[in-house]
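Participant: The primary structure of each chain is shown beneath.
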Amino acid sequence: MTERNYMVKNWMGVVLIVVGALVLMFAPAFSMLGSILLNVGAVLIFIIFVRRRWRKEPDMQDERTKKIGAAGLSWSWLLTLMLMAGLYLLTTAQIIDPDPGLLLVGLMLFLGVSGRLLQVYFYRKGDIGY
Amino acid sequence: MQTRMKEFRARHSITQADLAGRVGVRRETIVHLEKGTYTPSLRLAWQIARELETTVDELFSFDDEDAERNEETN
Chain W
0 MTERNYMVKN WMGVVLIVVG ALVLMFAPAF SMLGSILLNV GAVLIFIIFV
50 RRRWRKEPDM QDERTKKIGA AGLSWSWLLT LMLMAGLYLL TTAQIIDPDP
100 GLLLVGLMLF LGVSGRLLQV YFYRKGDIGY
Chain R
0 MQTRMKEFRA RHSITQADLA GRVGVRRETI VHLEKGTYTP SLRLAWQIAR
50 ELETTVDELF SFDDEDAERN EETN
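Chains as they are written, first to last, in numbering that gives the first Met the number 0: chain W, 0 to 129; chain R, 0 to 73.
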């Protein structure tokens, strides 16, 4: 990651924290959204800080990292879609009755976390093929 | 995928980091290429071959190709 990318992501974190705080202060009805924005912003800034502090070599992108990044995201979208289909079936069959707000937050987290985990897996494996 | 990158790199006394810098990739990519766990694009394969003063054919081979070669020799 270049210095410019670090700066951009740092500012994104700051903006998320400010928007989250504003939502919490002026729109109590959306307090959950405010908390999420605030937390995501704080985590983003923390991750950038850790990366800048401990990375030995520049975090540049090359053909392998771009390929792995795209594949990780594609697989996570597919997994999330399958999860949504499963949840739809379970809800339709009245086996579960999830809270819509929590469900949306859960799906957003699942999308992000599964994408990152898949990317880490592919990085360690070397490539996205079998 | 089989590769002779390590051998050619040693011949030219180039480190993995040097080669990575010359062809514009991360050092980890060179590590995975040498282990045979990453299949490069044609462009990257050509760039590496040029840096190591050889050809793509000399540098990389695939299992199917190896099997075919063995059949031909037998």
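Watch out, some of these pointers could steer you wrong.
To be verified - Distance condition first, Cα-Cα at most 27 Å in a straight line; then the derived DSSO-like pairs of lysine-lysine:
1. W:K8 - R:K34
2. W:K124 - R:K5
3. R:K5 - W:K8
4. W:K8 - W:K65
5. R:K5 - R:K34
For the record, the hints were derived by calculation from the structure and aren't laboratory data.
Participant: None of the hints should be skipped; say for each whether it holds.
Facilitator: Structure-based check of each hint:
A C-alpha spacing of about 34 Å is found between W:K8 and R:K34, which places the hinted pair above 27 Å, so the restraint is violated. With a CA separation close to 19 Å, the supplied pair W:K124 and R:K5 stays within the 27 Å bound. With a C-alpha separation of about 37 Å, the suggested pairing of R:K5 with W:K8 is violated against the 27 Å cut-off. For the hint pairing W:K8 with W:K65, the CA-to-CA distance comes to about 18 Å; that is within 27 Å, so the pair holds.
Taking the CA atoms of R:K5 and R:K34, the gap is about 9 Å. The hint holds against a cut of 27 Å.
Taken one by one, the earlier hints fail for this structure at numbers 1 and 3, listed in ascending order.
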